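Trainee: Chains as they are written, first to last, in the numbering used here: chain G, 834 to 1034; chain A, 99 to 575; chain S, 36 to 404.
Hint data in this document are derived by calculation from the structure and do not stem from the laboratory. The structure displayed is predicted, hence computed values, not measured ones. Misleading hints may appear alongside valid ones.
Claimed, not checked - Computed footprint of chain G on chain S; a stretch qualifies when at least three of its residues, placed anywhere within it, have a C-beta under 8 Å from a C-beta of chain G: (1) 44-55; (2) 155-164; (3) 168-180; (4) 183-194.
To be verified - So these bits of chain G aren't anywhere near chain S, every CB distance computed over 10 Å: (5) PHE905; (6) GLY928; (7) VAL995; (8) VAL1004; (9) LYS1025.
Glycine is no exception: its CB is placed at the ideal position from the N, C-alpha and C atoms.
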Amino acid sequence: MDLLAIAFYLLALVACVSAFMVVIARNPVHSVLFLILTFFSSAGLFVLLGAEFLAMLLVVVYVGAVAVLFLFVVMMLDVDFGSLRQGFVRYLPAGGVVALVLVVEMSLVAAAIAGKNATLRAPSTNGVSNVEQIGRVLYTDYFYFFQAAGMVLLVAMIGAIVLTLRHKPGVKRQDIAAQTARTEASGLRLTKPATGQGISE
Amino acid sequence: MMPSNLLQIAAPELILAIGALALLVLGAFRGNRSTLLVSILAGLVLIGAAAAAAVAPLGPIFRGGFVSDEVSRFSKVAIYLMSSVALLLGERWLNRLRAGQFEYPVLILLAALGMGMMVSAGDLISLYIGVELQSLALYVLTAFRRDDGKASEAALKYFVLGALSSGILLYGASLIYGFAGSTRFVDIAHAVHTTAAPVVLIGLVFLACGLAFKVSAAPFHMWTPDVYEGAPTPVVAFIAAAPKLAAMVLFARALLEGFPDAIDQWRQVIMTIALISMAVGALAGLVQKNLKRLLAYSSILNIGYALMALSTGTQLGLQAMLVFMVLYMIDSTGAFATLAALSRDGKPMETVGDFAGLSQERPTLAIVLTVLSLSLLGLPPLSGFWGKFYVFKAALAAGQWQIAVFGLVASVPAAFYYLRIIKTMWFDAPAGRTDTPAPDAQAVAVAAGLWSLPLVLVGLAFLDPLAALAARAFGLS
Amino acid sequence: MTDFLSAMAAFWATPVGWTVLTLVHVLVISVILLICIAFILLADRKIWASAQLRKGPNVVGPFGMLQTFADLMKFVFKEIIVPAGADKFVFILAPLLSTVLAMGGWAVIPFAPGWVISNINVGILYLFAVSSLGVYGIIMGGWASNSKYPFLGGLRSAAQMVSYEVSIGFVIITVILLSGSMNLATIIEKQAGGFWNWNVFGGSEGGWWHLIATVVMFPMMVVFFISALAETNRPPFDLPEAESELVAGYQVEYSSTPFLLFFLAEYVNIVLMCAMISILFFGGWQAPWPTPYLQHWWPFWVSAHGFVMMGVKILFWFFMFAMVKAIVPRYRYDQLMRLGWKIFLPTSLVAVAAIAAWRVFGPVNGVYG
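If we strip away everything but chain G, and leave its shape as in the complex, we get (with noise of 0.2 Å):
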């Protein structure tokens, strides 16, 4: 057996493992870490297809950037999953079929394309490298999504600030300009006081 084959599946199972982890870990602190290593596994995944690119930004958007957010904020919260747990039994039918209707479509969808003859394959690169084909794609083809999605996350970074900024009022706030700006004159007062009596304000 080759490395690769050995290498996809050590990847294939630890991604499927620590999926399933997940949703059964008790802890949601340990679900949130074993997320990352799904992410982890699966960025292995891409750089067995030859898309290393793609492996690098799924770690370093994912891992290194989401998935810490995620950990944060789950950690502050102190999540009670026992609880949130309670009607697991109870739901279980109603997602069991859901689950079973996304199988069916999934392989509809599956043999729809098997029915093409076309099959998963690495896509062709012709000398160029995998980075400058995404980019091309990206910046020509789909420039216009490209733009688009944009200003849908603009939109999302407005409203996020519209939403929750409040200034508050008679809040002393550090203005680094001002202070630098600051000179002998306006900083410094000298007074000669008379004996006794101090310096009135």
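Since chain G is already given, all that's left is putting chains A and S on it; use the hints.
Mentor: Chains A and S alone, transformed into the frame defined by chain G:
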């Protein structure tokens, strides 16, 4: 495609996007002092975009991701003008409640941009991105009075259900893509033409459900009454008008361009949704005490009529849908403008009881609300009648007399709740003094009322041929 | 003899042989690295001591040279104490993860022409990814200790590292744009021919015009250096372990070997950052002068020459790290966040746009012309 031509075709959207970004920077640097200035400039940007949309050349650009044709031109002009009305209503209204912020006009601009992208979407990806851009802006606008508990609740419900529907939409889109191997409507139509596999129909149903949520058609209407009740009134006036038209046009484009050969299948789905919407809108509206909730059910009912026109799948049906939606938008904006204009002791008047004896207190607004109610009811020769007239004509021409009869029946209970408002206003004892109406909102309300009675007869002469031209875009029979 | 050599060459080509060879590479680099770290640690303390007019460690071995080894023994022979109520698995996992990630970054560092374990196409992204994962060790350790100070330290560290990663990412993008490659070896090769061709002076393309790009790249180098300080929790950004506020932050509850591992990871990361700044901005293994004489050398000596150059640069940057620690007082937390988000982020964003415009409209036009 030459870049200059590309820029010309996308000019209205570029004006909106660049305008929104520039105004955002202006507001960020000048703070909330500049709210009025930003609003005025945003209004100019919207009118400029509408003008650009009216004259911009047509054609698909960005490899079919963005399609500019007669339908998109027609709806863009309507959408951008309606958005500027929302700007006019909201700016002063929020200022009176000391909730004015310069982000309000910017968000309206971005929502309008999203709607422009929706009506021009030639691809599942641009469909989704347009819907998402418009919805996100609307969620934020709903919660714009962030210290108001009801508004926050409404926004949260809107957001959670909206996210769910986006998920359904995306799931359907991915199924369709998995089947057709392309996200472009043209390619999907080609794939459906060769083989209509069951999986693509499942995807289509999911897509239709997601879009039905966006137009608030029953049984995906749950968010509508709560959002209408909780959101600031000018924002409701906005949500109830332009986004509905955008979503309906998007609906029509997705179905007629992407699945012209599966018309027998999707017609049943659309007809079912239309029937349920009419039933729910007519019956549930009967028990509403809150006028904003009542208007929410009225909008569900009216979306049922619009969907009825769409389900014909003919050119006549599309034309009827466009005319109906434009007339409905004006009526509903006028009704919400009346609500925005009226208040008692600084509190908005929302329940039906609040309007008792309004005819003695504020005769102008009472007349306007009466006219608009009668128009929504569909009494000839008011504008609402003409909208329904077109819809029923199209349905009968397509041989769908059953659904047309159902539509007529549904308008009977609906008539009851419109008449109840009129009766309360004219024949009940006055409920107390009202505040002086806000001039801006009153002006909008009066304008809508005038449109509804005499002007519509002149307006239709222009609207009808324009809509007919627009409806030719899909090459239907 | 030749038979034996060819047989060996055939063996290295098989999967098993490849695995063995790679493991040997990894082992050699790890051992050399750890020994170097031992002396670098000592250097850190000595520099700090000199700045404060002290002698520093001078008891164990000649000039205190063996101090680090004595510390190692001390840590290893102590008892590992796991606090009550701690999440034992995560508690032990955290320092291990920190160390493994810190060492893992070295897999793509080219020390000299041809001297690299894995010369992958997206090496620079790999380094960025690995350094962005470093935060997990700290946040996990802080949480698993089941105590207030470590937890606060962990949260601070998470916020701090995520904030500064953003600007590091943008700085890296400027370098990628300038070099047109994400392969570290290619980035270094493009900086050949003298110090004026280093990326900090605008790279090598475009004749002497490239020096104009110094206006952008030099500040980017400074941004990178300062962000690297924050990313490795070095003073003046050592807030996750600020002793005056948090006792020792995320490592309060750690003792013995786990503490040693955290400590080691910190220093391995610092040296990794020094190597990164040398490669990205200062030509990596390239000498600061033109090197036409290398053409006549044996490949091994060429590599050794490059190795020395690289080593000198890394040591220089480590010296800078140590001096900053000795000289600059600690930042307050809000000042740290302000610096990261309000100053570095916009600056580096503008720099990305400027360098991109330079590549397209400037005299270089190597990629698009």
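Trainee: With reference to the structure, classify each hint as holding or not holding.
Mentor: Status of the hints after comparison with the structure:
Only when three residues or more bring their CB closer than 8 Å to a CB of chain G does the claim for the segment 44-55 of chain S stand; here the count is 3, and the claim holds. Remark: the segment 155-164 of chain S is confirmed as covered by chain G, as 7 of its residues place a Cβ nearer than 8 Å to a Cβ of that chain, reaching the required three. Counting residues of the segment 168-180 of chain S whose CB falls under 8 Å from any CB of chain G gives 6; the rule of at least 3 is met. Given as covered by chain G, the segment 183-194 of chain S passes the check, having 5 residues with a CB less than 8 Å from a CB of that chain where 3 are the minimum.
Interface exclusion of G/PHE905 from chain S breaks down, the closest Cβ pair being 5 Å apart, not more than 10 Å. The Cβ of G/GLY928 sits about 29 Å from the closest Cβ of chain S, beyond the 10 Å cut-off, so the non-interface label holds. Listed as outside the interface, G/VAL995 is consistent with that label: its C-beta sits roughly 19 Å from the nearest C-beta of chain S, beyond the 10 Å cut-off. No beta-carbon of chain S is positioned within 10 Å of the beta-carbon of G/VAL1004; the least distance is around 12 Å.
Listed as a non-interface residue, G/LYS1025 keeps its Cβ farther than 10 Å from every Cβ of chain S; the least gap is roughly 36 Å.
In this structure, only the earlier hint numbered 5 is contradicted, and the remaining ones agree with it.
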